[in-house]
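In case it helps, the UniProt record's numbering puts the sequence shown at residues 1 to 155.
Derived by calculation from the structure, the hints in this document are not laboratory data. We put the beta carbon where it would ideally sit given N, CA and C, even for glycine. Treat the hints with care, since some could be wrong.
[As the list claims (entries may be wrong)] Think about it this way: if two alpha-carbon atoms lie no more than 27 Å apart in a straight line, the pair counts; the simulated BS3-like pairs of lysine-lysine are: (1) Lys140 x Lys57; (2) Lys85 x Lys57; (3) Lys85 x Lys140.
[Claimed, not checked] What follows is a set of in silico ranges between Cβ atoms, one per label pair, in the way DEER data are often shown: (4) Gln133 x Arg34: 36 to 42 Å; (5) Ala100 x Gly152: 40 to 46 Å; (6) Ser37 x Pro80: 29 to 35 Å; (7) Ile86 x Ala134: 14 to 20 Å.
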Amino acid sequence: MVPETVEPGTVVARLARVTERALARVELTLPQYRMLSVLTSANPSTASRVAWMLSVKPATVTAVMDGLVAGGYVRREPDPNDRRKIAHVVTDTGRELLDAANAQIRGHLTGLAAFLDEEQAEQAMAALSLWHQALVNARKAEWAAREGAQRGECR
């Protein structure tokens, strides 16, 4: 059977909605989840770096970060590399929340994959890993280009 052709944006939007429903079970929004995920991989990090990594404005980061700080999921402290900057660090409570959120998302996706045969389910999950790797590689290339441009401007 040949799969029907679908628009990638449609699938991504529907998966985003599935993710939002999963996150609601742990009382987390998609922007909060994205921020905790980024902070966990780049812990600690400044608001400007988080904004760049998420492709949002710094004001957006500040608004979401304020809620995460108020909830005890993130703490602010002086940046260890530059005392003029503030670093954001995920707390143990924040890591536990992120773990719970990831478990909910995994559960929802596993439930959806149950509507496929075993081989298709494995392929669907493997495809997510491939997209993740593509996104990571693209972000690394963008970051390297950005760092190179900044060094070039300082000469």
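Can you confirm whether the C-alpha distance between Lys140 and Lys57 stays at or below 27 Å? This hinted pair holds, its Cα atoms lying about 20 Å apart.
Holds or violated: 36 to 42 Å for the Cβ distance of Gln133 and Arg34? violated (18 Å)
Given the hint that Lys85 pairs with Lys57, test it: the Cα-Cα distance must not exceed 27 Å. Between Lys85 and Lys57 the Cα gap is close to 17 Å, so the pair holds against 27 Å.
Quickly compare the C-alpha distance for Lys85 and Lys140 to 27 Å and report which way the hint goes. holds (23 Å)
That 40 to 46 Å hint for Ala100 and Gly152 (C-beta), does it hold up? The hint (40 to 46 Å, Cβ to Cβ) holds, given that Ala100 and Gly152 are roughly 44 Å apart.
Just to be sure I understand the hint, the distance between the Cβ atoms of Ser37 and Pro80 should be within 29 to 35 Å; is that true here? With a Cβ separation near 22 Å, Ser37 and Pro80 fall outside 29 to 35 Å, so the hint is violated.
For the pair Ile86 and Ala134, does the Cβ-Cβ distance stay inside 14 to 20 Å? Since Ile86 and Ala134 have Cβ atoms about 32 Å apart, the given range 14 to 20 Å is violated.
Against the hints set out earlier in the document, violations occur for numbers 4, 6 and 7.
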